[in-house]
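These protein sequence lines map, in sequence, to chains X and W. Counted from 1, the first sequence has number 269 at position 269 by the working numbering; the numbering is strictly sequential. Counted from 1, the second sequence has number 216 at position 216 by the working numbering; the numbering is strictly sequential.
Do not rely on the hints blindly, as some may be mistaken.
You can't tell identical chains apart in this list, so a pair holds if it fits in one copy or across any two.
Here are the simulated BS3-like pairs of lysine-lysine, each with C-alpha atoms no more than 27 Å apart in a straight line [said to hold, decoys possible]:
(1) 308 / 111
(2) 281 / 261
(3) 93 / 265
(4) 281 / 228
(5) 28 / 111
(6) 157 / 308
(7) 328 / 261
(8) 328 / 265
(9) 35 / 3
(10) 308 / 3
(11) 34 / 8
(12) 3 / 111
(13) 157 / 3
(14) 93 / 3
(15) 111 / 42
(16) 92 / 42
(17) 8 / 111
(18) 92 / 8
(19) 34 / 157
(20) 13 / 35
(21) 60 / 265
(22) 60 / 13
(23) 228 / 261
(24) 261 / 8
(25) 63 / 93
(26) 269 / 228
Treat the hints as calculated values from the structure; they're not laboratory data. Since we're looking at a predicted model, the values are computed, not measured.
Here is what each chain is made of, one letter per residue.
2 protein chains.
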Amino acid sequence: MQKRISLKDIADKVGVSTALVSYVLNNKKEGRIKKSVADRIKEVAVELNYRTNQIARSLKTNKTFTIGLVVADISNPFSSGLARIIEDEAEKKNYTVIFGSSDENVARSEKLIDTFITRQVDGLIIAPGENSASQILSLQQQHIPFVLVDRYFPDIKTNYVALDNYEASLSAIHHLVDQGYKRIGMISFNTSLFNIQERNRGYISALEKSGLHFNSDLLIEINIGDIKAGVENAIDSLLATSQPIDALLFATNAIATHGLKHIYKLNLKVPGELALVSFDKTDALDLFYAPLTYINQPLPEMGRLATKLLIDAIEGNEEITQLNLPAKLVVRASTVMDKDERFSR
Amino acid sequence: MQKRISLKDIADKVGVSTALVSYVLNNKKEGRIKKSVADRIKEVAVELNYRTNQIARSLKTNKTFTIGLVVADISNPFSSGLARIIEDEAEKKNYTVIFGSSDENVARSEKLIDTFITRQVDGLIIAPGENSASQILSLQQQHIPFVLVDRYFPDIKTNYVALDNYEASLSAIHHLVDQGYKRIGMISFNTSLFNIQERNRGYISALEKSGLHFNSDLLIEINIGDIKAGVENAIDSLLATSQPIDALLFATNAIATHGLKHIYKLNLKVPGELALVSFDKTDALDLFYAPLTYINQPLPEMGRLATKLLIDAIEGNEEITQLNLPAKLVVRASTVMDKDERFSR
DNA sequence: TAATTTTGTTTAATCGATTAAACAAATCAG
DNA sequence: CTGATTTGTTTAATCGATTAAACAAAATTA
Numbered sequence: 001m002q003k004r005i006s007l008k009d010i011a012d013k014v015g016v017s018t019a020l021v022s023y024v025l026n027n028k029k030e031g032r033i034k035k036s037v038a039d040r041i042k043e044v045a046v047e048l049n050y051r052t053n054q055i056a057r058s059l060k061t062n063k064t065f066t067i068g069l070v071v072a073d074i075s076n077p078f079s080s081g082l083a084r085i086i087e088d089e090a091e092k093k094n095y096t097v098i099f100g101s102s103d104e105n106v107a108r109s110e111k112l113i114d115t116f117i118t119r120q121v122d123g124l125i126i127a128p129g130e131n132s133a134s135q136i137l138s139l140q141q142q143h144i145p146f147v148l149v150d151r152y153f154p155d156i157k158t159n160y161v162a163l164d165n166y167e168a169s170l171s172a173i174h175h176l177v178d179q180g181y182k183r184i185g186m187i188s189f190n191t192s193l194f195n196i197q198e199r200n201r202g203y204i205s206a207l208e209k210s211g212l213h214f215n216s217d218l219l220i221e222i223n224i225g226d227i228k229a230g231v232e233n234a235i236d237s238l239l240a241t242s243q244p245i246d247a248l249l250f251a252t253n254a255i256a257t258h259g260l261k262h263i264y265k266l267n268l269k270v271p272g273e274l275a276l277v278s279f280d281k282t283d284a285l286d287l288f289y290a291p292l293t294y295i296n297q298p299l300p301e302m303g304r305l306a307t308k309l310l311i312d313a314i315e316g317n318e319e320i321t322q323l324n325l326p327a328k329l330v331v332r333a334s335t336v337m338d339k340d341e342r343f344s345r
Numbered sequence: 001m002q003k004r005i006s007l008k009d010i011a012d013k014v015g016v017s018t019a020l021v022s023y024v025l026n027n028k029k030e031g032r033i034k035k036s037v038a039d040r041i042k043e044v045a046v047e048l049n050y051r052t053n054q055i056a057r058s059l060k061t062n063k064t065f066t067i068g069l070v071v072a073d074i075s076n077p078f079s080s081g082l083a084r085i086i087e088d089e090a091e092k093k094n095y096t097v098i099f100g101s102s103d104e105n106v107a108r109s110e111k112l113i114d115t116f117i118t119r120q121v122d123g124l125i126i127a128p129g130e131n132s133a134s135q136i137l138s139l140q141q142q143h144i145p146f147v148l149v150d151r152y153f154p155d156i157k158t159n160y161v162a163l164d165n166y167e168a169s170l171s172a173i174h175h176l177v178d179q180g181y182k183r184i185g186m187i188s189f190n191t192s193l194f195n196i197q198e199r200n201r202g203y204i205s206a207l208e209k210s211g212l213h214f215n216s217d218l219l220i221e222i223n224i225g226d227i228k229a230g231v232e233n234a235i236d237s238l239l240a241t242s243q244p245i246d247a248l249l250f251a252t253n254a255i256a257t258h259g260l261k262h263i264y265k266l267n268l269k270v271p272g273e274l275a276l277v278s279f280d281k282t283d284a285l286d287l288f289y290a291p292l293t294y295i296n297q298p299l300p301e302m303g304r305l306a307t308k309l310l311i312d313a314i315e316g317n318e319e320i321t322q323l324n325l326p327a328k329l330v331v332r333a334s335t336v337m338d339k340d341e342r343f344s345r
């Protein structure tokens, strides 16, 4: 890689000091600099194809215009969708995004955050994994600006932008109840993650409010490490009883995707034999033969707000903002029976 | 944000020079430094929770351990899948990834590359968009290490890792011909992008080799800017003739996703009335009622090899490596008729 | 014991940009 | 015509780390 052009190269060629070049290129001291000199400097800068060394500038200004983004897995549509919004939003304010996937793994998450701090990011947007509360607390102690997205810790006072997961589950289950389903199951994760806990709580609460009793056999919490097998076994067991479920809520898009593949294999009739609702919107849900009723997370708002909160915090706003955005239930074929199907029940 | 701990803070506390601290923490001059002093320095470093200021180090060493990744759109599963592999591969070598989406837009792409250079990335992995050849040439002139993925310019001698798109199309069409389909259409992009051109060329070539004449009405090149409407119109027009198509190849996963939604709406029977093949593997293709036959791009290899080539180049390897990886056709329900369907044709 | 080598550490320059402060020259006010 | 301002530019310190070179003290060799 050939030597890059520095301020000094321009200064030498024009015959001025680097200070002057810096002032001109940054439009500082406007009016104080002779027009002819300023023009010449700009001209030479273009001619030599100069570009600022952002590293040097950052060292001096103590500002990198970089945001670190920690998601669970960038290849998950939820994460990548969010990443895209954040990218666009950050770009508007001249920030660049560094990203990393934690894989819901504490050690990875710690390493990522560490790397980002080492790189002097101005702030972080984090979808925190399980057991990472101490990492978040540590950020707080170091006064590093950050915003949590999707997940958060109710006991820690931090900026966050998340879904109102409790309400979201609640509305999904109420909808199923309204449609006449009586044995409603849920496949979720075995985790302490607050957003998932809230989804589970919403499910339980909705059943009780509806006068259907909550049967813990119908809420299966699978292991986050092996979704495919977990989902398949869960579905099998939910169906292999004398009173199989007639409706099912998937707690995440990953659970839904594997679940749908399995249900397709089992040749179950949706919604006749089994109604389905999922969290998140993905193309996969659209293409199932009975397009799924789903809980739509307002991804664009989440991304936008998270980025905005972060940049505000970076710029010195000390206020803490906690947002639980409302989800919207989008009703489609997977939960709505034809009239004749309905009569036959 | 409170003042961070620097080498100087450690040096002051221990009562030595910053140089010595640097040597110790970087394990330089091993054996030359008194064990007791070294231990004390390490101890204080931990105690103060010191972490290297990577910005300062980068300025001095002229190395950022950062890779810039330019994809078309990080929210596309192809891009995010690739990003994930690259992330993992880069991490193994202690590199961090900055990313950006070009949206197939020359100006955006230029801005991204510029930003990344300004930030002194050690190298770039780029899925170049249309008309960005000049940007690539410029990188070459500046001797900035880079590797192209997915797309490349046949006239420019650069490192790249791509699919053998011609062969991929060829095998897909041959498969359709073998299955007895005779009027095979393709929906592709109206673009000069080489990978797409190759896919189109493979389609045409396969038809001719098979003795089916190529009818340019059956290869519809839609505008990359408005995929949804383009695909819907294309499908409508391919079907609205006296001799409608009996099979269809989608040139990308985005085309396929929109195509499948439309075909579902039209209530077409796949593969009975229309057989389908798509490029790329996505969950959406799995969940269509007739899971799609698809051309599987070896994403992990692409990502791994691209990262490896880039890091080799960063480390000084001047050799140019150009890889066209073979695709694998995965045959599923969307192109294979039941016996009775076959007889009825 | 003097010269040499080894050990252990510091000094100081450097990376490239920013910016307060200093300075010289030109212009102005009285 | 002189002192004060304004204009235009330079000097030099700084950000935090790295590292060649210098240096002092201790150990070894002759």
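Checked hints:
{"no.": "1", "hint": "308 / 111", "verdict": "both (25 Å within a copy, 22 Å between copies)"}
{"no.": "2", "hint": "281 / 261", "verdict": "both (16 Å within a copy, 14 Å between copies)"}
{"no.": "3", "hint": "93 / 265", "verdict": "neither (48 Å within a copy, 41 Å between copies)"}
{"no.": "4", "hint": "281 / 228", "verdict": "both (19 Å within a copy, 17 Å between copies)"}
{"no.": "5", "hint": "28 / 111", "verdict": "between (39 Å within a copy, 24 Å between copies)"}
{"no.": "6", "hint": "157 / 308", "verdict": "within (18 Å within a copy, 42 Å between copies)"}
{"no.": "7", "hint": "328 / 261", "verdict": "both (25 Å within a copy, 22 Å between copies)"}
{"no.": "8", "hint": "328 / 265", "verdict": "between (29 Å within a copy, 24 Å between copies)"}
{"no.": "9", "hint": "35 / 3", "verdict": "neither (30 Å within a copy, 40 Å between copies)"}
{"no.": "10", "hint": "308 / 3", "verdict": "between (37 Å within a copy, 24 Å between copies)"}
{"no.": "11", "hint": "34 / 8", "verdict": "within (19 Å within a copy, 41 Å between copies)"}
{"no.": "12", "hint": "3 / 111", "verdict": "between (33 Å within a copy, 21 Å between copies)"}
{"no.": "13", "hint": "157 / 3", "verdict": "between (48 Å within a copy, 22 Å between copies)"}
{"no.": "14", "hint": "93 / 3", "verdict": "between (30 Å within a copy, 25 Å between copies)"}
{"no.": "15", "hint": "111 / 42", "verdict": "between (42 Å within a copy, 19 Å between copies)"}
{"no.": "16", "hint": "92 / 42", "verdict": "within (25 Å within a copy, 42 Å between copies)"}
{"no.": "17", "hint": "8 / 111", "verdict": "between (38 Å within a copy, 24 Å between copies)"}
{"no.": "18", "hint": "92 / 8", "verdict": "neither (30 Å within a copy, 37 Å between copies)"}
{"no.": "19", "hint": "34 / 157", "verdict": "neither (53 Å within a copy, 46 Å between copies)"}
{"no.": "20", "hint": "13 / 35", "verdict": "within (17 Å within a copy, 50 Å between copies)"}
{"no.": "21", "hint": "60 / 265", "verdict": "neither (61 Å within a copy, 59 Å between copies)"}
{"no.": "22", "hint": "60 / 13", "verdict": "both (24 Å within a copy, 24 Å between copies)"}
{"no.": "23", "hint": "228 / 261", "verdict": "both (10 Å within a copy, 25 Å between copies)"}
{"no.": "24", "hint": "261 / 8", "verdict": "neither (62 Å within a copy, 58 Å between copies)"}
{"no.": "25", "hint": "63 / 93", "verdict": "both (13 Å within a copy, 26 Å between copies)"}
{"no.": "26", "hint": "269 / 228", "verdict": "within (21 Å within a copy, 29 Å between copies)"}
When each numbered hint is compared with the structure, violations occur for hints 3, 9, 18, 19, 21 and 24.
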